[in-house]
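Here are the chains, one letter per residue:
Protein chains: 2
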Amino acid sequence: MDKFVEKTLSTEQIYSGKIVHLQVDKVMLPDGKIATRELIKHPGAVAVIAINDDNKLILVEQYRKPCERTLVEIPAGKLEQGEDPKQAAVRELEEETGYVAKELKYITSFYSSPGFADELLHIYFTDKLVKSDDPREADEDEFVEVLELSLQEAKQYAAIQKICDAKTNYAVLYLEMQEMMQR
Amino acid sequence: MDKFVEKTLSTEQIYSGKIVHLQVDKVMLPDGKIATRELIKHPGAVAVIAINDDNKLILVEQYRKPCERTLVEIPAGKLEQGEDPKQAAVRELEEETGYVAKELKYITSFYSSPGFADELLHIYFTDKLVKSDDPREADEDEFVEVLELSLQEAKQYAAIQKICDAKTNYAVLYLEMQEMMQR
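Read top to bottom, the protein sequences are chains F and R. To convert, note that position 96 of the first sequence is 96 in the UniProt record's numbering; the numbers rise steadily by one, no gaps. To convert, note that position 85 of the second sequence is 85 in the UniProt record's numbering; the numbers rise steadily by one, no gaps.
These are calculated hints, taken from the structure and not from any lab test. Check each hint, because a few of them may be wrong.
[Stated by the list, open to error] No more than 25 Å apart at the CA atoms, straight line, and that leaves these computed lysine-lysine pairs for PhoX-like: (1) R:LYS18 <-> F:LYS18; (2) R:LYS86 <-> R:LYS56; (3) F:LYS33 <-> F:LYS3; (4) R:LYS102 <-> R:LYS78; (5) R:LYS162 <-> F:LYS7; (6) F:LYS41 <-> R:LYS26; (7) F:LYS155 <-> R:LYS86; (8) R:LYS131 <-> R:LYS86; (9) F:LYS131 <-> F:LYS105; (10) R:LYS155 <-> F:LYS105; (11) F:LYS78 <-> R:LYS33; (12) R:LYS162 <-> F:LYS41; (13) F:LYS102 <-> F:LYS78; (14) F:LYS3 <-> F:LYS41; (15) F:LYS18 <-> R:LYS41; (16) F:LYS128 <-> F:LYS155; (17) R:LYS3 <-> R:LYS26; (18) F:LYS26 <-> R:LYS41; (19) F:LYS155 <-> F:LYS56; (20) R:LYS78 <-> F:LYS3; (21) R:LYS105 <-> R:LYS78; (22) F:LYS41 <-> R:LYS41.
[Claimed, not checked] Pair ranges (Cβ atoms, derived): (23) R:ASP133 <-> F:LEU9: 29 to 39 Å; (24) F:PRO135 <-> R:GLU142: 40 to 50 Å; (25) F:VAL130 <-> R:TYR15: 43 to 53 Å; (26) F:MET28 <-> R:GLN182: 45 to 55 Å; (27) F:GLU80 <-> R:TYR106: 33 to 43 Å; (28) F:GLU142 <-> R:ASP133: 53 to 63 Å.
[Unchecked claim] Covered stretches of chain F, going by a simulated chain R footprint (3 or more residues, C-beta under 8 Å): (29) 10-24; (30) 32-43; (31) 58-65; (32) 68-79; (33) 112-123; (34) 154-168; (35) 171-181.
Each residue gets a CB set at the ideal place from its N, CA and C atoms; glycine is no exception.
Please build the complete structure, drawing on both the sequences and the hints.
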């Protein structure tokens, strides 16, 4: 049973875009008072921690307009309507990097920013990769460059905040822990 | 030097709220084509991985309207205008849990969802806590319940996705790794 449920009294649709939808809800708080909530609706997304045969982590470098800077991230993308997350993960990995995952292991799912958005991010892991001869093409407004880094290099990128987003920082910690467990 | 910079051609302000601001930019892509970008502007936020004298992780349970469910998260909150992140971390921790941090260690910062939002989250750690006799009050529209869990219990919560957000999943991994390094 959910605690402190905020009952929706009314919903105002503000904007419906290609990626985000913004609505403002009036809600009744547990004490009966009224509050407003600004809510970003998002289709959800997938991300892949992908390790190649040289034991390198596959990353993509891209310009992130909201942050006005280039970031180095694990391959990721939003779910298309009705798309299975695992299939989306295979698709995004191939589109962004040219690698095809022969196997994918589900790791976890988490909300990226539950205070204002419902984006749920599904994280997968693979170390079973083949290079595609004829890779699917990325979206035409996406410019990405593939990087292949050792875990040591990825930790270095995180230390200087070239890696600087929740899913990729999570991925680096995840790999560090895997490595430590194997010792 | 940033790669693949997307030059802003025009900005349309869509909504300016209490927490999020939405704008839609027309940008010039590296190949000269034009694209639109939906951008959420956010003041940034802080979160605290806080361990008490019983070696328990301090968490807060709250209803997250965007996700329409109750989540268990590390204490967090958005920056007030001009506020120093470290001071915000102390303030949010006290408001949400009644604990005062005598020391805070900076861990890292990351964007929660760089594809559509500029929210930068600063993560701190403390195991130097005292209970406040007269804690600062939380925002009046915030209903939170404090939970104190062992790392083992927190891992269990993550496994069943009662813990299910980027910063808290990161925190659980971070603590697991600290514990492993101490062995």
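Structure-based check of each hint:
This hinted pair checks out: R:LYS18 and F:LYS18 have alpha carbons roughly 23 Å apart, not beyond 25 Å. The straight-line distance between the Cα atoms of R:LYS86 and R:LYS56 is roughly 22 Å, inside the 25 Å bound, and the hint therefore holds. The suggested pairing of F:LYS33 with F:LYS3 holds, with an alpha-carbon distance near 16 Å, which does not exceed 25 Å. Restraint check: the Cα-Cα separation between R:LYS102 and R:LYS78 comes to about 21 Å, which is no more than 25 Å; the hinted pair holds.
A C-alpha spacing of about 21 Å is found between R:LYS162 and F:LYS7, which places the hinted pair at or below 25 Å, so the restraint holds. A threshold of 25 Å between alpha carbons decides the hint, and for F:LYS41 with R:LYS26 the separation of about 21 Å falls inside it, so the pair holds. Between the alpha carbons of F:LYS155 and R:LYS86 the distance comes to roughly 24 Å, so the proposed pair stays at or under 25 Å and holds. A distance of roughly 19 Å separates the Cα atoms of R:LYS131 and R:LYS86; the hinted pair therefore holds under the 25 Å criterion.
Straight-line distance between C-alpha atoms of F:LYS131 and F:LYS105 comes to about 19 Å, which keeps the hinted pair within the 25 Å bound. Taking the CA atoms of R:LYS155 and F:LYS105, the gap is about 19 Å. The hint holds against a cut of 25 Å. In summary, the hint linking F:LYS78 to R:LYS33 is supported, as the alpha carbons are separated by about 22 Å, within the 25 Å threshold. Simply put, R:LYS162 and F:LYS41 have alpha-carbon atoms about 21 Å apart, close enough for the 25 Å limit, and the pair holds.
Only pairs whose Cα atoms come within 25 Å are accepted, and F:LYS102 paired with F:LYS78 is accepted, the gap being roughly 21 Å. A distance of roughly 22 Å separates the Cα atoms of F:LYS3 and F:LYS41; the hinted pair therefore holds under the 25 Å criterion. Pair hint F:LYS18 plus R:LYS41 holds up; C-alpha atoms about 17 Å apart against a cutoff of 25 Å. Between F:LYS128 and F:LYS155 the alpha-carbon distance is near 22 Å, which keeps this suggested pair within the 25 Å criterion.
The straight-line distance between the Cα atoms of R:LYS3 and R:LYS26 is roughly 18 Å, inside the 25 Å bound, and the hint therefore holds. Among the hinted pairs, F:LYS26 with R:LYS41 is consistent with the structure: their alpha-carbon atoms are about 21 Å apart, no more than 25 Å. A C-alpha spacing of about 12 Å is found between F:LYS155 and F:LYS56, which places the hinted pair at or below 25 Å, so the restraint holds. Of the pairs offered as hints, the one joining R:LYS78 and F:LYS3 holds, with about 22 Å between alpha carbons and a cut-off of 25 Å not exceeded.
A distance of roughly 18 Å separates the Cα atoms of R:LYS105 and R:LYS78; the hinted pair therefore holds under the 25 Å criterion. Proximity of F:LYS41 to R:LYS41 is assessed by CA-CA distance (about 15 Å); at most 25 Å being required, the pair is judged to hold. Roughly 38 Å separates the CB atoms of R:ASP133 and F:LEU9, a value that falls within the hinted 29 to 39 Å. Between F:PRO135 and R:GLU142 the C-beta distance comes to about 47 Å, which sits within the given range of 40 to 50 Å.
For F:VAL130 paired with R:TYR15, a C-beta distance near 45 Å keeps the hint of 43 to 53 Å intact. A hinted range of 45 to 55 Å holds for the C-beta pair F:MET28 and R:GLN182, which are about 47 Å apart. A hinted range of 33 to 43 Å holds for the C-beta pair F:GLU80 and R:TYR106, which are about 38 Å apart. Judged by the Cβ atoms, the range 53 to 63 Å given for F:GLU142 and R:ASP133 holds: they are separated by roughly 54 Å.
Only residues whose C-beta sits within less than 8 Å of a C-beta in chain R count toward coverage, and the region 10-24 of chain F has 8 of them, enough to reach three; the restraint holds. Using a Cβ-Cβ cut-off of 8 Å, 9 residues of the region 32-43 of chain F lie near chain R, which meets the minimum of three, so the contact claim holds. Against chain R, the region 58-65 of chain F contributes 5 residues with a C-beta closer than 8 Å to a partner C-beta. That satisfies the three-residue criterion, and the hint holds. By the rule of at least three residues with a Cβ nearer than 8 Å to a Cβ of chain R, the coverage given for the region 68-79 of chain F holds, with 7 such residues.
For the region 112-123 of chain F, the proposed coverage by chain R is satisfied: 10 residues have a C-beta within less than 8 Å of a C-beta in that chain, meeting the threshold of three. Only when three residues or more bring their CB closer than 8 Å to a CB of chain R does the claim for the region 154-168 of chain F stand; here the count is 7, and the claim holds. Closer than 8 Å: that is the beta-carbon criterion, and the region 171-181 of chain F has 6 residues meeting it against chain R, so the requirement of 3 holds.
Hint compliance for this structure: every hint is met.
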